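Input sequences plus hints: build the corresponding full structure.
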Amino acid sequence: SDQTKSCIPCPVGYYRNMSLQISCVLCPVDFITPGLGSSSLSNCNTRNCTKPGEYRNPTSNQCEICPVGTYNSEKW
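Counting in full-length UniProt numbering, the sequence shown runs without a single skipped number right up to 76 at its last residue.
Hints in this document: simulated from the structure, not taken from any laboratory.
What you are looking at is a predicted structure, and each value in this text was computed from that prediction instead of being measured.
One or more hints might be untrue.
What the hints assert, rightly or not - Beta-carbon label-pair distances, calculated as ranges:
no. : residue 1 : residue 2 : range
1   : V29       : E64       : 17 to 25 Å
2   : M18       : P67       : 26 to 34 Å
3   : Q62       : S39       : 19 to 27 Å
4   : C66       : I8        : 28 to 36 Å
5   : N17       : G69       : 41 to 49 Å
6   : G53       : V29       : 30 to 38 Å
7   : V29       : C66       : 18 to 26 Å
8   : L26       : C66       : 24 to 32 Å
9   : S73       : V25       : 36 to 44 Å
10  : L26       : C63       : 14 to 22 Å
11  : K5        : Q62       : 33 to 41 Å
Beta carbons: idealized from backbone N, C-alpha and C, even for Gly.
Pasting the structure below:
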């Protein structure tokens with residue numbers, strides 16, 4: 001059996017800034033990181049899209065209102 005372990009990046013919305021931390025730390029409420037593998041609290045600088053009917057535009061990385069006839073129940 002292969003016992004090799006690999007490191008995985010912290011998910012969006014988490015960061016890890018100390019090498020001895022055993023897990024990633026959740027960003028403060030209403031903020032997320034712009035991508036995977038954040039290494040600092042200062043990376044938690046993107047507003048989380050938490051209002052009903054909002055989504056995160058993948059091009060601009062900004063919260064936008066869903067177009068008429070659509071919805072989003074997820075929090076980003």
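Evaluated hints:
1. V29 with E64: 17 to 25 Å: At 21 Å between Cβs, range holds.
2. M18 with P67: 26 to 34 Å: At roughly 42 Å between Cβ atoms, P67 and M18 fall outside 26 to 34 Å, so the hint is violated.
3. Q62 with S39: 19 to 27 Å: holds (23 Å)
4. C66 with I8: 28 to 36 Å: 31 Å Cβ-Cβ, so the 28 to 36 Å window holds.
5. N17 with G69: 41 to 49 Å: holds (42 Å)
6. G53 with V29: 30 to 38 Å: Since G53 and V29 have Cβ atoms about 20 Å apart, the given range 30 to 38 Å is violated.
7. V29 with C66: 18 to 26 Å: holds (22 Å)
8. L26 with C66: 24 to 32 Å: holds (26 Å)
9. S73 with V25: 36 to 44 Å: Violated, since S73 and V25 (Cβ atoms, about 26 Å apart) do not stay within the stated range.
10. L26 with C63: 14 to 22 Å: holds (19 Å)
11. K5 with Q62: 33 to 41 Å: holds (37 Å)
Hint violations for this structure: numbers 2, 6 and 9, all remaining hints satisfied.
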